[in-house]
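> Sequence:
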Amino acid sequence: MTEKIEKNSKETELNNTACKNCKTQFKGKFCPNCGQSVYEFEKPFRFLIVDLVGNIFAFDTRLWKSMSSLIFRPGKFVEEYLNGHRARYMSPFRLYIFVSFLFFLLLSIYAGSQIQISEKDRNEINLSFNGQIGSLNPETDSLKTNELNISDSSVSPKKLTNALSKVLNNPKMYMDSFLKFVSWSLFFLMPVYAFFLWLLFRKSKKYYYSHLVLAINQHTFVFLLFVLIICFKLIFPIRAYYPENYLIASIPIYLFFGKLHLYKRSWSKTLLRMITILIFYGIALFITLFMTWNFWIKIELL
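Quick note, the sequence shown lines up with residues 5 to 306 if you use the numbering used here.
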């Protein structure tokens, strides 16, 4: 009987909580007035360790559920997320950040392992490039000048030579720098892809946010696929056959079924709209990467 009374008193203390931030009386884990959690940080260290481990495993569970749904159920993850079933998954944006970070990290490692420039090769490239630059007369040989991208008076042969020397002396650093620019460019392209989805699937009567979530989801899948491909290449670098490259063929199939599941259109209409979107997105991607390349050169090298 005494134990029952003590238990009831503890429940009453837990249920009737005073927010330490705004002093509001409430029941539950979060203050309805300011939103602050009732979580206590002033507790023995062992409790903090238990909480940390619990949060890690909770993250791990959501991550794997999100990954499995992302890979094996095209469009289903997005549909469930938009319908409010979110507690079991990571948010699409967080999942994209995680996977894209992993992709560019592995891409940097793989690209660095492929860039092996010896001192002899470096000298030969410098001599060859300097010979071509020295043989040009910008006033009379404008065609060759344009081919070497020095028709702009602000880009002198000396600047080009210095830029080449920078890259040859530290190719890994400049490769990482360029990949950072590319990662931001692809990030800002997702709203463009979502706009194309909104434009061609307007009859679905979905808000732009729904199209954006699908765009994030499909970009995440593409990055995850390339993560797997790069992992194969890093683990098994020297082979006569590279079967993992065929995984790239699954990208249009995945994109198709993702759109088919979310928008509930016929196969023919979905396929036609997907091809149209890929054409416009391919053009936007080419222009963006070209502008990124030129911007990176001006910022980092010239």
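Because the hints were derived from the structure by calculation, they are not lab data. It is possible that part of the hints are untrue.
Unchecked claim - With a straight-line cut-off of 30 Å between C-alpha atoms, the simulated DSSO-like cross-links for lysine-lysine are:
1) Lys207 with Lys163
2) Lys268 with Lys80
3) Lys302 with Lys69
4) Lys209 with Lys170
5) Lys184 with Lys273
6) Lys184 with Lys163
7) Lys170 with Lys80
8) Lys80 with Lys210
9) Lys184 with Lys268
10) Lys170 with Lys210
11) Lys209 with Lys273
12) Lys176 with Lys302
13) Lys210 with Lys302
14) Lys170 with Lys237
15) Lys80 with Lys69
16) Lys69 with Lys176
17) Lys69 with Lys33
18) Lys207 with Lys302
19) Lys170 with Lys184
20) Lys170 with Lys69
21) Lys80 with Lys302
22) Lys176 with Lys80
23) Lys184 with Lys69
24) Lys273 with Lys163
25) Lys170 with Lys33
26) Lys273 with Lys176
27) Lys69 with Lys209
28) Lys176 with Lys163
Unchecked claim - Distance windows between CB atoms, simulated:
29) Tyr211 with Lys273: 32 to 42 Å
30) Leu106 with Pro241: 36 to 46 Å
31) Val186 with Ala253: 18 to 28 Å
Remember, predicted model here, so these are calculated numbers, not experimental data. From the three backbone atoms N, C-alpha and C, an ideal C-beta is built for every residue, glycine too.
> Honestly, which of those hints from before does the structure not fit?
Hints 1, 3, 4, 5, 7, 9, 10, 13, 16, 18, 20, 21, 22, 24, 25, 26, 29 and 30 are the ones this structure does not satisfy, whereas the remaining hints hold.
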